[in-house]
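So the protein lines, in turn, are chains A and B.
Going by the working numbering, the first residue of the first sequence is number 1, and it counts up by one from there.
Going by the working numbering, the first residue of the second sequence is number 1001, and it counts up by one from there.
To be clear about the criterion: a stretch of chain B counts as covered by chain A if any three or more of its residues have a C-beta under 8 Å from a C-beta of chain A, and this derived list gives those stretches:
1) 1093 to 1102
2) 1146 to 1160
3) 1165 to 1179
With a straight-line cut-off of 20 Å between C-alpha atoms, the simulated PhoX-like cross-links for lysine-lysine are:
4) K1095/B with K1187/B
5) K1095/B with K1082/B
6) K1288/B with K1127/B
7) K157/A with K302/A
8) K1187/B with K1237/B
9) K1080/B with K182/A
10) K1095/B with K236/A
11) K1145/B with K1288/B
12) K182/A with K1095/B
Read the hints as simulated data drawn from the structure, not as lab findings.
Nothing here was measured: the structure is a model prediction, and the numbers come from that model.
All residues carry an ideal CB built from backbone N, CA and C; glycine is no exception.
Here are the chains, one letter per residue:
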Amino acid sequence: MMDMVSSTSSAWAESSSGSADLVLVTRPPAFGLPTACPACLPAYLYLRLAGARFDVHVTAVEPDSEDLPSVEYGENVGFASENGGVVEFLREEKIVDLDAGLNERERAELETCKAMMQSWVADASAYEVWMRDNSRQCKTVYFSELPWGLVQALDWKQRLAVMQRLEITPENTMTRTEELYKKASNAYSALSILLSDQKYFFNDRPTSLDALVLGHLLFHLRVPLEVSTLKEAILKYQNLVDYAEHWSKYLLGEEGNSIDSSFRPKTPHSSHASPPRQGPKERDNPEKERREKDIFFKKRAKYFVIAQVTAVLMYVVFAGYGVDDDGEDDGGDDDD
Amino acid sequence: MESSGDSVDLVLVTRPAGFGMPTVCPACLPVYLYLRLAAVSFREQVSAVEPDSVDLPCVEYGENVGFSSENGGVIEFLRKEKIADLDADLSDSEKAELETCKAMMESWVADASAFEVWTRDNDRQCKVVYFSELPWGLVQALDWKQRLAVMQRLGITPENTVARSEELFRKASNAYSALSVLLSDRKFFFNNRPTSLDALVLGHLIFHLRVPFEISTLKGEILKYQNLVDYAESWGKQLLDKQAILANPAFRPKAPPSPPLRPTKLGSNEREEPAKKARSESDILLKKRAKYFLIAQFLAVLMYIFIAGYEVDDEDLDVDDD
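So here's chain A without its partners, still in its complex pose (with noise of 0.2 Å):
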């Protein structure tokens, strides 16, 4: 795996010119698609539809993170969480702008359409992926390389947060629900007649839109959710399906992964990272490599630590029963 790793980023570096490396970092592969995570899933597409090569590198121990994707390009990375996220940062360090030429009333279309994605279309997705019905796919979106204990805390938390933040209790539940799903239908409905019959949302060439839009559709299209609404409802709009289908051979390869060779991801599994291959040029990378292992290190140590104190909490309260049965022992009363 380790000689995988090093000609991987060997094989990268001496056919382009540049001397910095773009990495995608994102969460693991299922369902066929390059990354099953309804966040990196749009980033990964935004890049392959720009033409840009990058390598993906795969990280199973950020479960919680709200900073994946995120984005290496030399020193720098740019962090899903940061304002504007990875195509932001793409943008501002001038590696790719898919919005660029795009008119002032066209980047205003753009931009409503937008929030109707990060908002209507997102909240019904996150509904629909952590509804407990859905909860075996969504730990192999998640925690599928986690040991097993941290899964299902991981889990109960961030489902928690995530009914929170929907403001969906167990009362309101069937309400809310209906609200969620009906703002995604108005969506869809609205995406299916601005696409129309177009290869693209605008003026013929690709933008973050369609970035955003494919992802969203192609992870509810191909991830087999047992409950899958929002799937029914995007197969009422026959363009909307094709445009997700025609896109997807054509950005994700016939076998989900593969298309050419500038793309290979790799797993960073083991902690000694020093690859003897590499040439002069490439010095730099131990020290990236270092600092990946450093991120790494801290991750595991941080679910270590959460393991380790709920183990103990759970010895705790368990022990504090038997001691409070002793207590209540009366020690006889003085009756005077």
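Take the given structure of chain A and dock chain B to it, following the hints.
Chain B alone, transformed into the frame defined by chain A:
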């Protein structure tokens, strides 16, 4: 009402007036403007006893009531009851654009607005908007509770306040920029006639331009777009200001402080409806007042237990066992 052929009133229930506006609540104002833009005659009823309710604004039409918390809100209710539908004539693609703009207003703009209204620095104006006719103790409790709920919904913690608020204001700014481009120099957003989007946008702009917040970042942003300011000022004068209102006899705001209402001047076939409606209004009013009375009582009891409990603990510790 006597002049209209219909025997059914349309009543809009909103939070109280303030700062020169017939209703100063940012959720009620767009609905008020929608009805004015649609030139539908309606009565306005002010309700001050539902400060934390998501049901306001609501509209009563005969026996039916449309709440803002129900799917699509008041505007959808007005469409279903065939009272008013400003969006009826839009083409498919205009309707699609309207939906995307509406989503943007309801997410990016509404979130930044809520943050600004509920920022601690602005709590004086916030109390005028939401709690203007309640007793002091209740105001404090509900204000605290509501602020907590809003900040939780927006995902704001003491640690991330700066970053999160920057993000909220940035999105609002992008929204204003988009709205400014889409409106350009026209009178309405679509096709030279008012739509629900105009009501939504005007409601937001006028609110932030007129309410004198201590910290008004959004107002500062809005002022960067002259066409949005002109749009808001022009329609604000036409739809909200006193002269326009007095000229229209159909509109007369009234505040129901106590039950029951018995309008004696109505004709015979209308005597049932106002009495029935008045009775249900007074019922709702009583229930709400009762609810808040109980909350206040409960809080008082809790506080007593808590404080009384402290004294008891001290006494126990003083007892020595030999």
